[in-house]
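Guided by the hints, dock chain B onto chain A, whose structure is given.
First to last, the protein sequences are chains A and B.
Counting in the numbering used here, the first sequence tops out at residue 331, every number present.
Counting in the numbering used here, the second sequence tops out at residue 1293, every number present.
Check before you lean on any hint, since a few could be wrong.
[Claimed, not checked] DSS-like mimics (lysine-lysine), calculated; alpha carbons at most 25 Å apart, straight line:
no.: 1; chain 1: B; residue 1: Lys1171; chain 2: B; residue 2: Lys1192
no.: 2; chain 1: A; residue 1: Lys107; chain 2: B; residue 2: Lys1098
no.: 3; chain 1: B; residue 1: Lys1098; chain 2: B; residue 2: Lys1192
no.: 4; chain 1: A; residue 1: Lys297; chain 2: A; residue 2: Lys5
no.: 5; chain 1: A; residue 1: Lys3; chain 2: A; residue 2: Lys298
no.: 6; chain 1: A; residue 1: Lys298; chain 2: B; residue 2: Lys1090
no.: 7; chain 1: B; residue 1: Lys1096; chain 2: A; residue 2: Lys107
[As the list claims (entries may be wrong)] Some chain B residues close to chain A (C-beta under 10 Å, calculated; not the full set):
no.: 8; residue: Leu1079
no.: 9; residue: Ile1097
no.: 10; residue: Lys1098
no.: 11; residue: Phe1105
no.: 12; residue: Ser1108
[Stated by the list, open to error] Just so you have them, the derived chain A footprint on chain B, three or more residues with Cβ under 8 Å:
no.: 13; region: 1081-1090
no.: 14; region: 1222-1234
no.: 15; region: 1273-1283
Read the hints as simulated data drawn from the structure, not as lab findings.
Where is the CB? At the ideal position from N, CA and C, for every residue including glycine.
Take a look at the letters that make up each chain.
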Amino acid sequence: MDKKKIILLALLVLCVAALAMLPLVIEKDSTLNLIILVLLYMTLASSWNILGGYTGQTNLGHAAFFGIGSLTARLLWINGMPFFLSFLAGGLVAALLALLIGTPAFKLRGVYFAIGTLALAQILNLTVSNLFPEMSYNPALADYELVPRYYLFLGLAVLTIGCASLLVNSRWGLGMMAVREGEDAAESLGISALRHKLLALGISAFFAGLVGGAFAYYHVSYYLNMPFSPEWTFDPMMMAYIGGQGTIVGPVIGSVFFVLLKQLLVWNVGEYHLIIFGTLFILIVLFLPGGLIEGWKKIQNLVHHRKTSSGTGGFSKKFGSWLHWPQPKKG
Amino acid sequence: MIQSLGQNLVFGLLVGALYGLVALGLSLIFGVTKFLNVAHGELVMFGGYACFWAFTKLGVDPFLSIPISMLLLFVLGALLYWLVFSRTVKLPEESKIKNTLLVAFGLSVILQNIALRAFTADERGITTSYASTAFTVLGVRFPIMRLASLVVAVVFLVLLTLFLHKTYTGKAIRATAQNWEAASLMGIDIHKVYLLAFALGAALAGVAGILVTVNYSIQPAMGLGWTMKALIVMVLGGLGNIPGALLGGLILGVTESATSFFISSNYREVAGLVLFLLVLIFRPQGLFGAKES
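So here's chain A without its partners, still in its complex pose:
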């Protein structure tokens, strides 16, 4: 491990530690709620990114896994199972669903996979709203405390991002990226595309299911089909793209940016954030497929060239390689 990585790791630990201390310092629930929202989106976008960004399979049905995780966890928990077990069950059921639908779904390639998963998520959404039309109430409302929920979301975000970065730097992760860059080429080198896609889908769904369980724990009352709603797919997908899909930091940046933008615009002009976010998303897909992180790197390179031509090392020479995560596919 070289020096830069150690500095990076230390900074990360510091960041997480600061977030972990936050409830001790801050009294206001609204701030914690805001950070919970960021952490939720961060986890969801990072889990989408494992399949969508690294394996190149645009999954438009991510809400199905988020939803099934929250449904499982909520029903088990409300009916008396300890929360932590229900929470784990939510993740496992989501992963199971993913493996179940994976083989037929991956018969569809490229864009057909995308619209196929969208249809699948809509089927679940409609069926759940038919089966459970009533609002789900939390009977233990009196015991509601925000801080444990905050820690659950924080732990989950750290776990998801940590696992994702371990995964993509492993042999399996390299295989997934090879599948993204060219399925036939990867197959010809002995990489089973189906197996890699299934693994990516399973892990992606597992974390989406877990965060669904956290959602079920967080909300006092909600309609059980609410987490199945397609915006739980589209928003995280846009976040991953805007930050930089196929990178670890991309979804993190995207989700922070999304929530900040939402807050800022709600305070000022009403609900314009989705119009602006949608526009930014289109611009990024068309002109900057690596997202904001690629834009930042381009600026860094410019600065770097200036600095090296004038003889000094410069910021980007020292820290530039932090941003050298595997590159997303162009175009």
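This is chain B only, laid out in the frame that chain A set:
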């Protein structure tokens, strides 16, 4: 029993014609340009609002507002093509479909929120003086509004087919759909053809929007549901197959009404989506399409 089954079948067919018309524009756009415009439902919505405001503010009959809505949507489509979709023309086919799908998702978010700001979230519909008229033949009711949808859908299908087969421009569009490289070598301006096809597809969404407004209701969040319907119909009829769109619409309509009849109307849409997945997996060329070589 037989009578209500017949009634259901008739209703399914009439609704199916409307579905076919909703998919017609999407199918034209996909067939010619290979853009997967999932913001199609939002275009349908804007067509619906054009008709709604023409009716409530100016008192224009919904069927007479067809040209207004078409013109507005034609311009909107041309604008969207010029601003956004034209940037993807040069990409290889697979990444073109994927990128236009993503871009169109962004657009649908934008258009939906613009509609929300401009028209509020209220559900709107139109009831004309003749809306409740119906004919009864052999005990089966034929509501006039649904019949009108069928007529409009067939008329536009025929007009589009004539345009594509009989006019020089139409032939240029078909040539481009078959092979844009060869077409461009023959001196066809690909950008113009794409622009025209996209704007025409949007105009057809405008017509569909009117029929949706008179038969159902409109609201800013309706887009995704109608996009899904159009996608289902397009896949059933074969991607980019123009007459297939109407046929696919009829199949979807009958499937839905059969589900309402035999199972429950709650699962109407689910049945359509399941059919969609089955066709995607087992017959990706569509129910009637020949296998591509």
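Evaluation of the provided hints:
1. Lys1171/B - Lys1192/B: holds (13 Å)
2. Lys107/A - Lys1098/B: holds (17 Å)
3. Lys1098/B - Lys1192/B: Since the Cα atoms of Lys1098/B and Lys1192/B sit roughly 22 Å apart, the hinted pair holds (cutoff 25 Å).
4. Lys297/A - Lys5/A: holds (18 Å)
5. Lys3/A - Lys298/A: With Cα atoms ~24 Å apart, Lys3/A and Lys298/A stay inside 25 Å; holds.
6. Lys298/A - Lys1090/B: holds (24 Å)
7. Lys1096/B - Lys107/A: Answer holds: Lys1096/B to Lys107/A is near 20 Å, not above 25 Å.
8. Leu1079: Nearest chain A Cβ about 14 Å off; hint violated.
9. Ile1097: holds (5 Å)
10. Lys1098: holds (5 Å)
11. Phe1105: This hint holds: Phe1105/B lies near chain A, its Cβ roughly 6 Å from the closest one there, short of 10 Å.
12. Ser1108: holds (8 Å)
13. 1081-1090: Since 3 is at least three, the answer is holds.
14. 1222-1234: holds (count 4)
15. 1273-1283: holds (count 6)
Taken one by one, the earlier hints fail for this structure only at number 8.
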